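Visitor: Turn these sequences into a full structure, and let the hints guide you.
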Amino acid sequence: MAFLEQHIHDEPKTFVSKYLISYDHKVIGKQFLWYGIFWLLVGGLMAMLIRWTLAYPGVPFPIIGSLLFPHTGGVVPPDTYAMLFHMHGTIMIFFAITPILIGAFGNFCIPLMIGARDMIFPTLNMLSFWFSMASGGLLLLSLCLPLGAAAGGWTSYPTLSTNLGQPGAGQTLWLLSLFLFGASSTMGAVNYITTVITLRAPGMDYFKMPLTIWGIWLTSILNAIFVPVLGAGLILLTFDRVFGTTFFLAGAAATSGKGDPVLFQHVFWIFGHPEVYILILPAWGIVSDLLAFFSRKPAFGYKMTALSLTAITVLSTVVYGHHMYTTQMSPLLTQSFMTLTMLISIPSAIFFANWLGTIWKGSINFASPMLFSLGVVFVFGLGGLTGLYLASTSIDLYLHDTYFVVGHFHYTMAASVLLGGFAGTYFWFPKMFGRMMDERLAKIHFWTTMIPLNGIFTGMMLMGWAGMHRRLYNPFIYEFMEKLMPLNKFTTYCAIAMGIAQITFIYNFVNTIFNKKLPQAENNPWKVGTLEWDMPSPAPYYNFKEIPHVKCGPHEMGNPNLPEGKDFQYQTEELVKA
Amino acid sequence: MATKAQNLEEKMFQQSVAMTVTLIAFSMLFATLFLGFFLVRFNTPMWPPVEIQGMPVFLPLLSTIIMAVSSFTYHRLQTREPMRGFYWKLTFGLGVSFLICQKLLWSALTAKGILVSNGNVPSMVIAFTWIHAAHIFMGLALLLWLGRFIFKKKEELTEIKLINVGKFWHFLGVVWLLMYLTMFVL
Ligand code: HEM
Ligand SMILES: [Cu+2]
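So the sequences go chain by chain: A and B. 1 is the number of the first residue of the first sequence in the numbering used here; add one for each residue after it. 1 is the number of the first residue of the second sequence in the numbering used here; add one for each residue after it.
Keep in mind the hints are simulated off the structure, nothing from the lab. Just to be clear, a hint being listed does not mean it is correct.
What the hints assert, rightly or not - Chain A regions said to be covered by chain B (calculated; three or more residues, Cβ under 8 Å):
1) 177-190
2) 230-237
As the list claims (entries may be wrong) - Simulated restraints, written as ranges between beta carbons of each label pair:
3) B:Glu-155 / A:Phe-38: 41 to 49 Å
4) B:Leu-177 / A:Leu-356: 49 to 57 Å
5) B:Lys-89 / A:Cys-144: 46 to 54 Å
Treat the numbers as computed from the prediction; the structure is a model and nothing was measured. Glycine included, each C-beta is placed from N, C-alpha and C at the ideal position.
Guide: Shown next, in the form of structure tokens:
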């Protein structure tokens, strides 16, 4: 394969060209990081309001409650409660996790780790960020509307999301906002896919790419294919709301004609199930790499891991029906979807076993990125296993729409992705900002997050198992759920503890970026051989003076043939042999 | 290291990867709409249902012919260098006429009392044509962009630009053809 001459951009000089309107993938990555963290805080605050209401129904939210809801004396009103869980889900999925895992790490890591000077289309990249900003802006705007923001749940099923279920502009703004978000994601995906295909440095074969890149690349493929499906659904729902079409209207909601609300569920989950893998694949990739780096061993079964991730990507496109077992599908269909869903556990089990194989007999360095990665191994194990219960139709008929589902997807999506995101942040921080985050605070952050986190999500699964439904304002007015009050209180305390624990992170993050007295990070603080660690910290604006020539895999560590005093080699070095 | 010619080939390759991925994304959007259309269609006891009886026949046919001719003129634009400007104007004009045809079609539907709010089938037919027309707008914008290189900055006109805009334009033609066949003919 021939290699394109990549010219070096001019060095940005002004504040605006350096930080605001930048074509540089590293700057765009950081912009996405800040953007995602901002939304993480907004979504987190909403989670607190939700949890408070579930533990203390009818009691004013402490301190800021009376500010937020003056007309009820600080109590979260029922309609606001619906809006809160809708916005919490939307924000966390599309405005926090996506920008951080895909926007920030995707942008920052792809060119650096494959040995390119930038993304292939820097302008498109910048545009993708600004589209995200616009979509975030619309969402914020919808929070200020007199009738409130959308409140049909992040899945926005009709009839909840039609004009009948949701008068006012909130839901329409939500649809537009997500449409812009989709455009941004698709642009990003086109850019990432093309960059990985065409700009890999000489010698960087697909099977020499770090697994982080594998994860992000597969995510981008799913994004390019399935986000437009959501786009179509959003357009049709918007038409229903604005132009009086009747795609999803039935019964009393339809003045004439007969639409089908379940059609939206199909469209949503054809997108929605791949979407959950879109979110987790980058985290899986990052964790696969970090486990190897901090066990000082090559990743166990590297090729198998990459292929399993690919198999999961392919299978994830044909299992969406497991979200719809209760919609009176034909039993033949439910059983097919059940079988296909169960099939996913084969490749999942393979790469999971490979993770354990990587750690096995490694000389483990429990630095903060490793702690968080091990955390992912633990929480993903729990989340994945609970998925199998839900995949089985007969069990799901009971568990569907209970807190068990909420517990399941928080373990897989919230916990795994969040911990994976933290792992990546602590790991690449020196290369992004040129200083090391404080290790002691990072470790405190890990334990103060990990312990309450498990309290919250195990609590959710237990109450779900006991039959507590999701999305209820006050479940305890039903007799059979009364006894779940103490468990709900416990879960809320854990949530508050976990919320407070994030202050350590925010402090550490902001202080390390802005405190000029802190020392400069070394070029390669973690002693890792992938391309981005063979350059100054922070990475220079041109990335590589000379495009590197890659000669070996990403985790060549602990090789007994290495000379004394060295336990890893760079990807640009010939693999040492005996 | 790469020679100049190799470099050009590389560039063609990568841009064509990008356009292909983009078109896959757009195909999924339209595929979802087709899925919706077919579900609606197969759940309708009688075809065509009363809601869309008396749909115009001539206008969609004319649109199809216009689209087909414009694909042909675009092909000429790409291959006949001396006449490029002429074929560009022709293609662009045909694109605009397609939109005019669509506008007439919508007016005709309204006149016949076939409205979006009349049920699922008219909803689908009308919304689908709206969405396709919106993409034709995008295609025309791309043609305008290309026109800048054909008429003004001639030295920056590259084969890749011609190919990519062409791919998009032909894609919209194919989508229209499928729409025409499934909604207006069969
Ligand atoms: C490992 C194998 C997995 C299996 C077998 C599985 C299975 C399922 C099933 C059957 C449901 C539907 C439950 C119901 O609504 O009744 C479900 C819901 C869900 N799963 Fe998983 N899952 C797996 C992994 C994941 C992963 C990795 C993620 C995210 C990163 C995820 C995110 C979700 C979400 C977000 C929902 C619920 C969406 C909602 O209704 O709001 N799952 N899962
Ligand atoms: Cu799923």
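Visitor: Tell me, in ascending order, the numbers of any earlier hints that this structure violates.
Guide: Violated: none.
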